[in-house]
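From first to last, the protein sequence lines are chains A and B. 1 is the number of the first residue of the first sequence in our numbering; add one for each residue after it. 1001 is the number of the first residue of the second sequence in our numbering; add one for each residue after it.
These are calculated hints, taken from the structure and not from any lab test. Keep in mind the model is a prediction, meaning the values are calculated, not measured. Backbone N, C-alpha and C define an ideal beta-carbon position, used for all residues, glycine too. Errors might be hidden in some of the hints.
Interface residues of chain B toward chain A, partial, derived using beta-carbon atoms under 8 Å [said to hold, decoys possible]:
#1 Ala1262
#2 Trp1266
#3 Ser1386
#4 Met1392
This is what each chain is made of:
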Amino acid sequence: MLNRNFTKSNKEYFNKNKIALIVLLAVLVVGIIVVSCFGFKTNFETGSHTEFTVAIHTEDSKTIRNYSKDIEAIVKKQGGEFDTISIFGEGDNTKLVVRYLNILSSDKQTAIRDEIVSELKIELLDVSDFSVVSSAISANDYIYTALAIILLVAFASIFAYARYNGASAISIIISSIIATLGFMSVTGILRLTVGLSYFAMLVILNLLVVLGQFMMFENIRDSNWLANKEYSNAINGALKSNRAKMFLISFSLIVIGLMFVIFAPAALKYVSLNLMFMAVVLLFTIWYVVPFVWSVFITHTKPRLKKNKENKVKEK
Amino acid sequence: MTKRRSKSLFVLFSIILVILLIASFVNFTYPFAINGNFYSYSNFVVNLRLGEDIGSSLRIVYRVDLPDGVSDTNIDDLKNVTMSGLKSIVQGEGYKDVTIAKMADDKIVLQVGNILSRTDESNITYLVGDPESISFYTSSSKSEENLVATSQDVASVEVLEGYDGSNNVFVVEVKFKDAEKIRKATSSASSIYIFFGDELFTTSGMSLGDGGIQNGTIDIQSSAFVDKATATSYANKIRTGMLPLNLTAIESGMITPSYGNAAYVWVAVVMALFVLAGFVYLIVRFRQLGWLASFNLLFFITISLFLLQSIPVVHINFSGIIAMAVCFVVAISTLVTIFERAKIYYNQDTKLYVAMRASQNESAMKIFIYNLLLMVVGFACLFMPSMPIQSMGWVFLVMPIVNLFTSLALMRLFIAMYMPLNNLDGKKCNFHKGGKNA
Chain A
1 MLNRNFTKSN KEYFNKNKIA LIVLLAVLVV GIIVVSCFGF KTNFETGSHT EFTVAIHTED
61 SKTIRNYSKD IEAIVKKQGG EFDTISIFGE GDNTKLVVRY LNILSSDKQT AIRDEIVSEL
121 KIELLDVSDF SVVSSAISAN DYIYTALAII LLVAFASIFA YARYNGASAI SIIISSIIAT
181 LGFMSVTGIL RLTVGLSYFA MLVILNLLVV LGQFMMFENI RDSNWLANKE YSNAINGALK
241 SNRAKMFLIS FSLIVIGLMF VIFAPAALKY VSLNLMFMAV VLLFTIWYVV PFVWSVFITH
301 TKPRLKKNKE NKVKEK
Chain B
1001 MTKRRSKSLF VLFSIILVIL LIASFVNFTY PFAINGNFYS YSNFVVNLRL GEDIGSSLRI
1061 VYRVDLPDGV SDTNIDDLKN VTMSGLKSIV QGEGYKDVTI AKMADDKIVL QVGNILSRTD
1121 ESNITYLVGD PESISFYTSS SKSEENLVAT SQDVASVEVL EGYDGSNNVF VVEVKFKDAE
1181 KIRKATSSAS SIYIFFGDEL FTTSGMSLGD GGIQNGTIDI QSSAFVDKAT ATSYANKIRT
1241 GMLPLNLTAI ESGMITPSYG NAAYVWVAVV MALFVLAGFV YLIVRFRQLG WLASFNLLFF
1301 ITISLFLLQS IPVVHINFSG IIAMAVCFVV AISTLVTIFE RAKIYYNQDT KLYVAMRASQ
1361 NESAMKIFIY NLLLMVVGFA CLFMPSMPIQ SMGWVFLVMP IVNLFTSLAL MRLFIAMYMP
1421 LNNLDGKKCN FHKGGKNA
């Protein structure tokens, strides 16, 4: 538990949670090394990939769906990081667009084509040449994602400084940086696929980290000011109740991700895995990073809330 | 509030909710004919403009060639200019979810999301389905001596807006790089004829504006330019003729979502289960207040869907769906915040209705701050060119506003309606556990 008896309590806190904090440090170091050496694993939205089309000369939608399933089974059997199959066009002009996450070697392309030709009724099918499609993402997407996060954190920290105290503002900035780096590290280490929605998840992660802390600050404000608790007790109570709240929020996002991973098509599974790990990083940040940052910075901050409490008492 | 008034208000709001739920989730054909035609109704969910990741989109694959007489060896630069030009033309028509990528050495692939109907599909296909090079002649027959300018001479195409004393007037202004050359070529001409490839594009009712073809610019007026959108469409069509490379559409048609054929079905199913889980959580935790909160959240969901499908620029990508889930969780959190504080007051020997009222008043600022954070993110995201981020931005802007209305205004009313029916009993809300009233 934290205490305003600064140095001693920080040491105690560190000893209690040192495994979690060491794990965090290790993940950040390994993640930065992995990402700087191998980069992120891209999908068809963010990286160059191979795709080919299979024209199906039939108007029967059931036959088209069956061929789609058969071709999916063949490409999965052949390996090569298959991503998704989409149905393109209609009627007699229907084609299946088969996308991969990566660029296939010519041997692999030949093997897949041969397998499709030999396994399926070729008189109905026409397999196109394999093409490499470049990434549709622009450098702006990276820049503007970073900008959105910076704007959020800047606004939140200024607001927190004005409403709560300096430690709150610093806590928001540091925990956001650690959460962002942590999520990117986990993505790099586990080789999760980075699509366009990954950028949105980075923004959402930061939003929830900030929101979680605002919930905590409001709780401290209430406990200290309204319920007349001691400042250190207020902090400890708020940290505890905030952990439970953020657990529920993270858990619900993990459940959504899990449902997509279990039931949804392949491409949606990849992005949903990101969502699950984003929720895990969020939980870790709120459980371990935020209290630690608080314990460091609250020691150097005057308890502005105390003043409010006194004012309130006078008013009464 | 009297019991009688409370009951009648509950019935009224229940009827409103049923109407909202039907409007949100049910498709039907109107049981009566208008001018002999039976029209059908599409619900709010169907009307959401889905991005290409979770909704169907239009895909066009072009073969790319250098125009005749151009021997620029750096075709890659020209490809980039063509791609960005094509993207801005389609986005200029209001279809924001556009991705464009190079395919092999000689193709580019364009994909446009937010396709709601065949009309959208045919609009885009008409605009960029088979772009041809534009040229300007002083006669309706193409001949070398009548040629004024080709696409390479055009500097820009803009839509100008004016007022003629009674109506707004729209003019499409074509500016040329070498004004002097155009002035000479059109010195004796009274009309200009625009060709796309070999096809005459100038339609009847179209004339040159007051500025005409003076000063090296061509002002085009038409009775067809009834509003800015039609004039912009015309200008965009001209812009397709200015692309530096020849594009030949070799494949065109609708394609199922890039996150899988039935991505939107799975998204709908998972979101429905998620919402259900939220209701169960509230009901288990707060019993009667949980039912009331679920009632309130149904308003939150349906009003949000109504607004998201009504605002034309809103489109929903997968990231927008995740943002919806986050907003729903925040909406639950705001209600829990109100109830938890009311529980504390109730257990300090405060009457339930006093506890609820005090809790609502004192939680208002907190709730406002939480939703303000979402709105700040939403506002910031709207300025980002990335479509998934923008999609998320719209959701974070619209849903927190609805949440503020439902959690602060509607919930207050519902609680006031609920109190007389509940006989002011905190036990029915699980408020007695762990407190002095236990």
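Do the hints match the structure? See the list:
1. Ala1262: This hint holds: Ala1262 of chain B lies near chain A, its Cβ roughly 7 Å from the closest one there, short of 8 Å.
2. Trp1266: holds (4 Å)
3. Ser1386: holds (4 Å)
4. Met1392: holds (5 Å)
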